[in-house]
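Participant: Here are the chains, one letter per residue:
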Amino acid sequence: MILTERERAQRKLLGLLGRGVLFAVTSVAALAVLAIIFFIARDAWPFFQQHGAGAFFLSKAWYPAHATPQFGAAAIIAGSLLVTATAVVLAVPPGIFAALCLSDVLPFGVRQVVKPVIEVLAAIPSVAYGFFALVVLAPLLQDKGGRLLAAAWCVLAVPVLSLAAVVAGDLLTPERLKGLAYRLVRGLLTALFLTAGGAVGVWGWRALTALQVPSGVNALNASVILGVMALPTIISVSEDALQAAGRELREGSYALGATRAETLFKVVVPASVSGMFSAVLLGVMRALGETMVVWMASGNAAQIPKPWFNLLQPVRTLTATIAGDMGEADQMTGSAHYHVLFAMGLSLLVFSFACNLAGERIVARQRKRLRGG
Amino acid sequence: MMVMVAGALAGARTVCAQDKLALDGSTTVGPIAKAFAEYTMRQNQNVNITVSESGSGNGAKALLNGTCDIANLSRDLKESERQAMEQKGVKPVAHVVAYDGLPVIVHPSNRVKGLTLEQVRDIYTGKVTNWKQVGGADLPIVVISRDTNSGTFETFKELVLGKEAKICEGTEYTGSNGGVRQRVQMTKGAIGFAGLGFVDRSVKALEINGVAPSAETVVAKSYPISRELFMFTKGEPAPDGLVAAFIGLSRSEKGREIIEEIGFVPVPEKK
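Protein chains in written order, with my numbering: chain A, 1 to 373; chain B, 1 to 271.
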């Protein structure tokens, strides 16, 4: 094909133009993020200037409406972390197992039906979850909280304690005993540990059934709902990661004589662990950034529970504080109350940013290791 | 009454040139002023009314400096404010536009019938933590409050807690009056407060210092957690002027409706 000088110039120009437009579109997204950071930081700065970072991060006295207002955010930051961490602890194990089940255990037809249904869960508006938390879960926790927790304890403790008893019995039996003596001692020890485990189990059951939950809107309520909200993200993204490990890998493993379980846990999971890590990270972000549910379900008390892991006490999170207080915090006069909310937004932003960055690093390292090994 | 107000507004347009009205002051009275302004401007296209909410103290200052025609206050003028106005030759005239009362509510099963104002304060500051300390069952008290930005909270803080008291840190905060009622009706140990219009049979309103909250006791001010809401003008407003018509709205049928809708108690009709 022969092009005249003019045609060539035209094509070059067009190419340049195309690239320019695409570049501009991409930069809009990046610039938007930078602009958000800039504007939040700009409004957060006056607070740190006036009150100092120490008063913000270390003090837990949150009295924004008092005659002499105090803006200590320590209890609120702790509340955010507590609720997020609990939600993640509750959501990650079932999420990962559900993903494994969907991708490698259940028949393909079932997966085709179940996965879209799970993804619909992610589309339910958060205020609907919040309403459920307030109207259904909170009274349930108040009236039957002890028994509910005791049931959860049973589901967790029975398998774990039995397994621990059997393993401990096996490990503690002296190696030098042979034959019948060995089996007898092991049996006795296992029985002993099982009894001890049973006692612990019953003690836990009794303690939990006797538990009175004075208020159903508390850290546990918010965490449970946040966990359920994070589940679809975790399941869907992990399942995609497991699928991405590929058919060749699985068939290669079977060809070497590995069983299905061996293939799953020793080949497929290690190959897709970085993707699953991203899934968990997305779940964390979902829980940390959620506002409506925690505003409705967490009780919004600016306190660190006593003891700190007492999930049955109300807590207040950064997101709920921003949402609840922004309406009336005086913007015109640039009050400290207004700026402290931006300081909270900035903390949230920095925290998510750090989390994401760390996640990227870990994922990248994992990929490199897999490629090398 | 409606006809009278409409007539007064029409008169304002023709008789005097004052078509602009500026209001400033309390965030509690603000919603009433805003609703009145909206209604007035819908009735009369030529009128322009602006309502700012910078707080009662700033409202008084604005009236003194002449930057507003009507100052909204959720309290009476302080002595210092009166003196400052007199020095400047401004004669403040108070107009009560509505009453504000906050019932303290508990779960219907609660044995406690009433509390003193002191006891309510002690519960909210965390000194009293169990119902048995105030004559109820052995049940931990779940303290519920409106969020600190609401006018309802402001009222409660001023009338119950006082300036220096700090609300206890385990207090739950809820974003609406309906939300407080919802939490209280579900929770056995709960105590909360909400506007008079939000209290129904699903919760129990406590007697405070022996007086049960109602529109009558709030207006009579025998119920302790109640107050008058004022609009202050510079001197007595001209009877056929816009200011008089605007404040007169609070005595009209439509005005009463608006006030009740927002959750306050309208001034009773004189018999």
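Worth flagging that the hints you see were computed from the coordinates, not collected in a lab.
Worth double-checking, as some hints may not be accurate.
As the list claims (entries may be wrong) - From the structure, some residues in chain A lie toward chain B, with a derived Cβ separation under 10 Å:
1. Q10
2. S126
3. Q142
4. A301
What the hints assert, rightly or not - No farther apart than 16 Å at their CA atoms in a straight line, the calculated lysine to aspartate or glutamate pairs in the EDC-like style are these:
5. B:K127 <-> B:E79
6. A:K60 <-> B:E169
7. B:K188 <-> A:E262
8. B:K20 <-> B:D240
9. A:K266 <-> A:E248
10. A:K306 <-> B:E169
11. B:K61 <-> B:E79
12. A:K115 <-> A:D240
13. B:K78 <-> B:E228
Please read these numbers as outputs of a predicted model, since none were measured by experiment.
Positions of the beta carbon are idealized from the N, C-alpha and C atoms, including for glycine.
Participant: Hints first: check each against the structure and report whether it holds.
Facilitator: Outcome of the hint check:
no. : hint              : result
1   : Q10               : violated, 59 Å
2   : S126              : violated, 14 Å
3   : Q142              : holds, 6 Å
4   : A301              : holds, 5 Å
5   : B:K127 <-> B:E79  : violated, 34 Å
6   : A:K60 <-> B:E169  : holds, 10 Å
7   : B:K188 <-> A:E262 : violated, 53 Å
8   : B:K20 <-> B:D240  : holds, 15 Å
9   : A:K266 <-> A:E248 : holds, 15 Å
10  : A:K306 <-> B:E169 : holds, 12 Å
11  : B:K61 <-> B:E79   : holds, 13 Å
12  : A:K115 <-> A:D240 : holds, 11 Å
13  : B:K78 <-> B:E228  : holds, 14 Å
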